[in-house]
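Residue numbers (this note's numbering): 1387 to 1685.
These are calculated hints, taken from the structure and not from any lab test.
Among the hints, a few may not be true.
Keeping only pairs whose Cα atoms sit at most 27 Å apart, straight-line, the calculated DSS-like set for lysine-lysine is [claimed, not checked]:
1. Lys1642 with Lys1449
2. Lys1429 with Lys1449
3. Lys1479 with Lys1429
4. Lys1479 with Lys1449
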Amino acid sequence: MFSRKSDPDSPLRLEIGGRTVTFATLDDFGFALSSRTEVPGEKITGLMQLSDQELEEEARAIKRAARRLVDIIASAIEDQTTVGRDLRMMDPKLFTHDHQWRAIMSDLNRQTANYDAFKKLALVRYTQYLAARYNLAQSIYTDRQRQAGGSTLPSGDEGDEMAPQDMRETLIFDLVDALDAPTTRGAFVRLPKGEMVAIPLEAGRDLELMLSRHLFRLVSGKSSHLADENGQAYPLRAGTNIIGRDPESDVVVAPKFSDVSRKHVILEVADSALVRLTDVSSHGTLVRKERLDKSLLSV
């Protein structure tokens, strides 16, 4: 994939670990943050020592933080000037000390609007870090259940980030997604969370998307629409469309797709030759690998 980014007139300077670090371009900054999306060794050790109940509490905390970040990222896709304001309104304690994330975000918060693209990229990378931490907690929990020979947690609406608290209490991990994924998933690749990907459209060929485990097709043309696996069509409006189960989404999918998030993917058909996708879901948005290989990645 190719990168297409714009940079400010002057480098970004951040105070990290008692020293000043300079980033000349957004690409440099993104590369530096990539290593901070993995869970550090001491955190892995700490998670493995948690009880099942503590793992559930960890998962709930991650989901709360991720919900807030996804909302900010989604708003910034339509208007990047909102990211600085939203970041200033956030509690610094939302960010962990792992990889010095809290210090990085605090210093970014002091930067001017000229660096809003850097702020947005940092939020995207931090969301990816949270996803890695959540997946690790899920893996530890699942392994314990298998070794104990006990029953797994019931499947349900884990994609529903806005579910009532009592429902989230018992549906923390979606084990069905890991144990019962359809075989067609192997031909698909998950989009990077929070990052806009521009995919070329091909004349006469629909773009297949998987929203979690469900196959959708983007039919482009004079009346662009999504079609689900049962043939139901969802018209797309001009410009940006938020796809999901939330009644306030631009495109509201059928309630039976319970593992599709309330805000699952942001889709914009730029013209007859290009579609822009941003995954903001819990269970992922996937496209066929050969289509993703032709895509353009941007923030």
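Assess, step by step, whether the Cα of Lys1479 is no farther than 27 Å from the Cα of Lys1449, and give holds or violated.
15 Å, holds
Please work out if Lys1429 and Lys1449 have their alpha carbons no farther apart than 27 Å.
With Cα atoms ~17 Å apart, Lys1429 and Lys1449 stay inside 27 Å; holds.
Would the pair Lys1642 and Lys1449 pass a check requiring their Cα atoms to be no farther apart than 27 Å?
22 Å, holds
Given the hinted pair Lys1479 and Lys1429, is their Cα-Cα distance within 27 Å?
Holds, at about 17 Å.
When each numbered hint is compared with the structure, no violation occurs for any of them.
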